[in-house]
Amino acid sequence: MVEDERRLIEACLTGDEDACARLVDAHARMVGTVIWRATGDHRLVEDLAQDTFLRVFHALNSFDRRAKLSTWIYTIAHRVAIDHLRKTGRWQQEEFAVSPDDEAVAGIEQLHAPPMANPDAVFERDEHIRLVREALARLPDKYRLPLLYAAIDGLDYPAIAGMLGVTVGAVKTLVFRAKRMLKDEITDAY
Amino acid sequence: MRIEDLEDALRREPAWDPPRGFARRIAELAQQQVDTRVRLLGVLALVPQAVRNGVRNSAASLDGLRWTLRQYWLLIAQ
Numbered sequence: 004m005v006e007d008e009r010r011l012i013e014a015c016l017t018g019d020e021d022a023c024a025r026l027v028d029a030h031a032r033m034v035g036t037v038i039w040r041a042t043g044d045h046r047l048v049e050d051l052a053q054d055t056f057l058r059v060f061h062a063l064n065s066f067d068r069r070a071k072l073s074t075w076i077y078t079i080a081h082r083v084a085i086d087h088l089r090k091t092g093r094w095q096q097e098e099f100a101v102s103p104d105d106e107a108v109a110g111i112e113q114l115h116a117p118p119m120a121n122p123d124a125v126f127e128r129d130e131h132i133r134l135v136r137e138a139l140a141r142l143p144d145k146y147r148l149p150l151l152y153a154a155i156d157g158l159d160y161p162a163i164a165g166m167l168g169v170t171v172g173a174v175k176t177l178v179f180r181a182k183r184m185l186k187d188e189i190t191d192a193y
Numbered sequence: 208m209r210i211e212d213l214e215d216a217l218r219r220e221p222a223w224d225p226p227r228g229f230a231r232r233i234a235e236l237a238q239q240q241v242d243t244r245v246r247l248l249g250v251l252a253l254v255p256q257a258v259r260n261g262v263r264n265s266a267a268s269l270d271g272l273r274w275t276l277r278q279y280w281l282l283i284a285q
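In order, the protein sequence lines correspond to chains A and B.
So the first sequence is numbered by the working numbering: it starts at 4 and just counts up by one.
So the second sequence is numbered by the working numbering: it starts at 208 and just counts up by one.
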């Protein structure tokens, strides 16, 4: 952990409000983006981000200083989002563990699906994004969330592994599998 | 549609921008919660003594306990 971060945490723990605001400032964008991706609802983000940071400050005293602060905060954001999905009955009770079915496709990440005939002529960009969003909504959370998190700029595989409580290899497998499923969903829908 | 196109579409999703004053508001809320917890811990720390006092003077214990609880409540409500 960098010294500045350590000092920031110590200042927060002594009740320094400016330090708390700096900590929120440094991570709010990523926390909100994680929650937005996980819930798919922009209107919820501010409340759930607030909930996340209040949990962060509540538990800051027990934070393991050897760990990465950002990953710890994003893990709490992920859990807050999952809790919300559970409360609203939108969470599919599935662990992020890699199944034998997922293993079958591991290690072939560079294998690209053949392009559809002249896709640029078929989809305008907005239509393209709409299709992807609709297909994403149909993916099981186990695959949807790793894929969405992996597409967030600044969130790397080790951080996602920490958030989901799985290995980096498992994240890669889940993301790869998710891309394949997403492509199949879009192809089938079209 | 190619997988690269999917990746591209996913990366185009916008990031969340916190509203103005968000960090300051959260910091204030967090501080309020800490203050409340400190007060509650202070109250809880006094309970064993209140119980001992109550046992020592059973005639006055009920009134004493009422008074003590009221003081605690006022402390928390500050």
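No lab work stands behind these hints, which were simulated from the structure alone.
The reader is advised that the hints may include incorrect statements.
Not close to chain B: a few residues of chain A, all C-beta gaps over 10 Å, as computed [as the list claims (entries may be wrong)]:
| hint | residue |
| --- | --- |
| 1 | Thr-36 |
| 2 | Glu-49 |
| 3 | Asp-159 |
Here are the simulated lysine to aspartate or glutamate pairs, EDC-like style, with alpha carbons at most 16 Å apart [claimed, not checked]:
| hint | chain 1 | residue 1 | chain 2 | residue 2 |
| --- | --- | --- | --- | --- |
| 4 | A | Lys-90 | A | Glu-137 |
| 5 | A | Lys-186 | B | Asp-224 |
| 6 | A | Lys-90 | A | Glu-8 |
| 7 | A | Lys-71 | A | Asp-144 |
| 8 | A | Lys-71 | A | Asp-7 |
| 9 | A | Lys-186 | A | Glu-137 |
| 10 | A | Lys-186 | B | Asp-215 |
| 11 | A | Lys-175 | B | Glu-214 |
| 12 | A | Lys-71 | A | Glu-137 |
| 13 | A | Lys-90 | A | Glu-130 |
| 14 | A | Lys-186 | B | Asp-270 |
| 15 | A | Lys-71 | A | Glu-130 |
| 16 | A | Lys-71 | A | Glu-49 |
| 17 | A | Lys-175 | A | Asp-159 |
| 18 | A | Lys-186 | B | Glu-235 |
Here a beta-carbon is modelled for each residue, glycine too, at the ideal position from N, C-alpha and C.
Here's how the hints hold up against the structure:
Against the 10 Å criterion, Thr-36 (chain A) falls within the reach of chain B, whose nearest CB is about 5 Å from its own CB. At roughly 7 Å, the least C-beta separation between Glu-49 (chain A) and chain B is not larger than 10 Å, which violates its mark as non-interface. Consistency note on Asp-159 (chain A): stated as away from chain B, and its beta-carbon is indeed over 10 Å from all of that chain's, at 14 Å minimum. In summary, the hint linking Lys-90 (chain A) to Glu-137 (chain A) is not supported, as the alpha carbons are separated by about 22 Å, beyond the 16 Å threshold.
Distance restraint check for Lys-186 (chain A) and Asp-224 (chain B): the Cα-Cα separation of roughly 29 Å exceeds the 16 Å cut-off, and the hinted pair is therefore not satisfied. Pair hint Lys-90 (chain A) plus Glu-8 (chain A) does not hold up; C-alpha atoms about 34 Å apart against a cutoff of 16 Å. Among the hinted pairs, Lys-71 (chain A) with Asp-144 (chain A) is inconsistent with the structure: their alpha-carbon atoms are about 25 Å apart, more than 16 Å. For the proposed pair Lys-71 (chain A) and Asp-7 (chain A), the alpha carbon gap of about 13 Å is at most 16 Å, so the pair holds.
The hinted pair formed by Lys-186 (chain A) and Glu-137 (chain A) meets the criterion: a straight-line CA distance of about 12 Å does not exceed 16 Å. Taking the CA atoms of Lys-186 (chain A) and Asp-215 (chain B), the gap is about 13 Å. The hint holds against a cut of 16 Å. A threshold of 16 Å between alpha carbons decides the hint, and for Lys-175 (chain A) with Glu-214 (chain B) the separation of about 14 Å falls inside it, so the pair holds. About 34 Å separates the Cα atoms of Lys-71 (chain A) and Glu-137 (chain A), which puts this hinted pair outside 16 Å; it is violated.
A threshold of 16 Å between alpha carbons decides the hint, and for Lys-90 (chain A) with Glu-130 (chain A) the separation of about 32 Å lies outside it, so the pair is violated. For the given pair, Lys-186 (chain A) sits about 73 Å from Asp-270 (chain B) by alpha-carbon distance, which is inconsistent with the 16 Å threshold. This hinted pair does not check out: Lys-71 (chain A) and Glu-130 (chain A) have alpha carbons roughly 39 Å apart, beyond 16 Å. Proximity of Lys-71 (chain A) to Glu-49 (chain A) is assessed by CA-CA distance (about 24 Å); at most 16 Å being required, the pair is judged violated.
Proximity of Lys-175 (chain A) to Asp-159 (chain A) is assessed by CA-CA distance (about 11 Å); at most 16 Å being required, the pair is judged to hold. With a C-alpha separation of about 46 Å, the suggested pair Lys-186 (chain A) and Glu-235 (chain B) falls outside the 16 Å cut-off, and the hint is violated.
Comparing the model with each numbered hint stated earlier shows that hints 1, 2, 4, 5, 6, 7, 12, 13, 14, 15, 16, 18 do not hold.
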